[in-house]
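Chain by chain, the residues:
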Amino acid sequence: MSDTSRSSAGYDAVVIGGGVMGCSTALHLAQGGMRVAVVDRGPLCREASGVNAGTLTLHMTRAALVPYAMRAWQMWMDAEKWLGMGVLATHVPGLTLAFTEAECELVELRAKARREYGAPIEVITPARAREIEPGVHPGLLKAGYCDIDGFASAYLTGRAFRHALVGAGVDVIENAAVESIDSGDAGHTVRFSAASGRASLKAARIVLAGGVWIENMLAWLGVQIPIKVLINQLIVTERIRPVMRTVLSVANGLLSLKQFANGTVLIGGGWQGEGDRDRGGLEARPQNLVGNMRLAAYAVPALAEARIARIWLGLEAETADAMPIIGDVPGVPRAFVVGSAHSGYTSGPFMGRIMAQHILGQQPDLPLFDPARLLGMPMPGA
Amino acid sequence: MAEAQTSSVDLVVIGAGPAGARAALRAQACGLDVLLVDENPDAGGQVWRPLPLGFSRAGDASPSPEAVQGDALRAEVRKSGVRCLFGHKVWNVGSGLRIDLIGPDGVVSWQPRAVLVATGTTERVLPFPGWTQPGVIGLAAATILLKSQNMLPGRRTLVAGTGPLLLAVANGILKAGGEVAAVLDLASRRDWLRTLPSLAARPDLLWQGAQWQIALRKAGVPVLYRHGIESVEAVAGGLRIRARQVDGAGAPVASASSRVFEADAVAAGHGLVPGTDVTRLLRARHRYDAARGGWIADADAEGRTSLAGVYVAGDGAGIAGAAAAGAHGEMAAVACAFDLGRLSARDHARERDRLSAQWRKPARFGRAMAGLMALKQGAVAGIPPATVVCRCEDVTRAEIDAAARDGARDVNQLKAWTRCGMGPCQGRTCSDVAGALLAAHVGSREAAGCFTGRAPLRPVSLAEVAGDYTYADIPIPKAAPL
Amino acid sequence: MTQSSSPATFSLRADQAVRRGPAVHFLADGVSVPAFEGESVAAALFASGWRELRRSPRDGAPRGMFCLMGSCQECLVWVGSRKLPSCQVPVAAGLEIETMAFREQRIG
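Residue numbers (our numbering), protein chains in the order written: chain A, 1 to 382; chain B, 383 to 864; chain C, 865 to 972.
Looking at chain A on its own, in the form it has when it is part of the complex:
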């Protein structure tokens, strides 16, 4: 908690939401000389940022976000340098697999689209794919191959960022739920409640980094932008013998598969469970568990014998055009928003950097994603 003198003078920036994007933004702002606080209603990186599959792939990243993901990929690989603590980021190649003719077309399309944005993805034969990944199903028809791929252990993210933020002099305020924000010419007052009672922070600038809750946060400021909530199911096995050595996905986008150094295999792919923004992830949908597992055990037959240790859910944010929301909050001075990058963990650290660069008045390394475009844009299928 900040001391009295700090809170009366106020922060240069208060970041609301302590996931990867919020923490990265806060860290870069602090390194830029600002006095910063991060507030989260729970512990740092315990929502999407701590429970996602940790895939650092270009195959499943939106084509237009490939340049961002590539830069973020390097940041994850170098995490120990700039965070002081790593997330076990591991560089292995990534294969996206096609088992049907329709999927073969998708592999070609997706590779081409990503190549246009700079991803080194080539389409390879099943024989070549089997050389790279011997454990893949013999029925493989085609694969997309990318050398720049890998994974991290998402659950380590909170500890790493906490370390870095504290070291950079950022005030980390966990288990404090922000309830409202008063914004005016003099700046913002962020009101929150914690176990110790209610309190407030004064901030010259605020950054909304609340993931799926960005919609709620924008509403505090009177801005209506819908954010879709995906309830992703994840499955992890117990430690098993080495059965794969790349990151695998399927061309239809519905499988992510990786085996960590500790032998556990993480199965994801965006299969939906039950839940919502208010109550969080509630439970898995059995038919979607079965579907996800069948796809996994099909892609790597050796997985059939693997025992599942744990199933959980994570909430992922998506905007109406499936592109991130990064920039100025429309109509509210000195208020910013960063999030909804879809595969946001992959690109998170870099998105936080460009957000901070913008706030510090620097030229961002890559263009932001103007939130104003989303005003009035209907959510597809709403």
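Read the hints as simulated data drawn from the structure, not as lab findings.
Where hints are given, some of them may not hold.
Just so you have them, the derived chain A footprint on chain B, three or more residues with Cβ under 8 Å [claimed, not checked]:
1. 630 to 643
2. 802 to 810
3. 839 to 846
Far from chain C, some chain A residues (derived; all Cβ distances over 12 Å) [stated by the list, open to error]:
4. E101
5. G118
6. T125
7. E131
8. E174
9. A219
10. V243
11. T264
12. D278
13. E305
14. P330
In this text, a Cβ means the ideal position worked out from N, Cα and C, and glycines have one as well.
Go by the hints and put chains B and C onto chain A.
Structure of chains B and C alone, referenced to chain A:
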């Protein structure tokens, strides 16, 4: 499941031990359509385990009380015609109470209107250097080995820990022709004497206890009160155990010298922890009650939890002993039958009062024993830093303390930062001790919390859940945008 | 595999109060182990002096049966394509089980 048929029933009872089996029988008697499930091959739970298939009782000695009670219960279940699914693991319970099971023929699902959770307890073993050695088993584990497998843990066994199982196991070993190197009890004689009033109604147990003491004395077995295991190490020919004196909280007394014992096996156990896997998965409200064994579902006297249609009974609801478990199971069944509209208010009240009176005395004894078995904070504090706490993941006490110092505030954050609880035992072995260690940093067990419940309730393989399929059988939802 | 070195082979089986099922043999890692039908594989191995069943993941420390009730996951063995706690696997004539390390080394 997509293809698996889901059958309907009024009530599923999970766990066919003393509480669950009696609950199922009572529920059926109240006119409910019941299904009783258990992963074991027959009813009886841990305390009343049947003999393995193919074994039969022999010898001159009359069968033990547990054998008699267990056999009688199994016979009653068989005779009653209550539908049973033995050899089936419950791997998931949906929020709508759908029960997903894995059995020898694959997956099967049942949709009840209510669930009665009678899953009993697991054993708490406080870690000590060398506790992960082969040849070191739990105390309740030794009971199972002796009573069910009719096997000794070793030629010469050291018995250590807390609670009524200590003397039971030591005597079981002597009776089976083995030697007992020593009995180490964290409790003092006075702690035991304090339980005497609860034994007033059980002169048979008092008598048995006295007989056991005599037998141990006759065999020259040292029985050391206020003593615990300092370490176990593998040496040529077996195990060397260092025993040390402890204080009332279980903390080592620094000034006292250790005693050394030689044995080829160790049976060590420090109480029982209620099994809350199912109720945590369902997100029922839980509370911490050290005297009842630790975290338990917050339930009323009849076993109603904070979730409609979800009941708990037996030691899994808070330790009160096997003798009380049956009455508790019946109470929960009666409450359920009433709540489902199958019992009049008058009948419910009459049965509840009758069963409650039946429950009171054995529960008093059971709770006194639970008090002896409650976690001793001083013993937790005495765990050396390099000692493994999470067996599945080799996480030591030092790593847990380091995570706490780094800011881990609850056991779920601790799990994320250390992997403690991420292994295939799903935290059942380590969660109580991990919670106690973290509580020392964050102020209370309540603040430290308990592991969030997750499916599967037991590890299941992809093959078991996925079944037989072709690529075309995989239900593919809409593909991701480009 | 830790074999008992006791020459006068003290038997851990206590036969005072039971008659066991038929004496059988089962294969563990290709080795024939004498047992009695219906016993748990964990107990049968233990009685034959085979107490180490696996190695811990990080420290490589020897582990064996512990809780005997199917909870702790220490006594896991492969039975065909299934990984099961051996304390819950009954011995039957012709049963073949493999320990974790043995299968891993066999499959390569």
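Taking the hints in turn, this is what the structure says about them:
{"no.": "1", "hint": "630 to 643", "in the structure": "violated (count 0)"}
{"no.": "2", "hint": "802 to 810", "in the structure": "holds (count 4)"}
{"no.": "3", "hint": "839 to 846", "in the structure": "holds (count 5)"}
{"no.": "4", "hint": "E101", "in the structure": "holds (32 Å)"}
{"no.": "5", "hint": "G118", "in the structure": "holds (39 Å)"}
{"no.": "6", "hint": "T125", "in the structure": "holds (25 Å)"}
{"no.": "7", "hint": "E131", "in the structure": "holds (17 Å)"}
{"no.": "8", "hint": "E174", "in the structure": "holds (29 Å)"}
{"no.": "9", "hint": "A219", "in the structure": "holds (47 Å)"}
{"no.": "10", "hint": "V243", "in the structure": "violated (10 Å)"}
{"no.": "11", "hint": "T264", "in the structure": "violated (10 Å)"}
{"no.": "12", "hint": "D278", "in the structure": "holds (35 Å)"}
{"no.": "13", "hint": "E305", "in the structure": "violated (5 Å)"}
{"no.": "14", "hint": "P330", "in the structure": "holds (51 Å)"}
Of the numbered hints given earlier, the model fails hints 1, 10, 11 and 13; all others are met.
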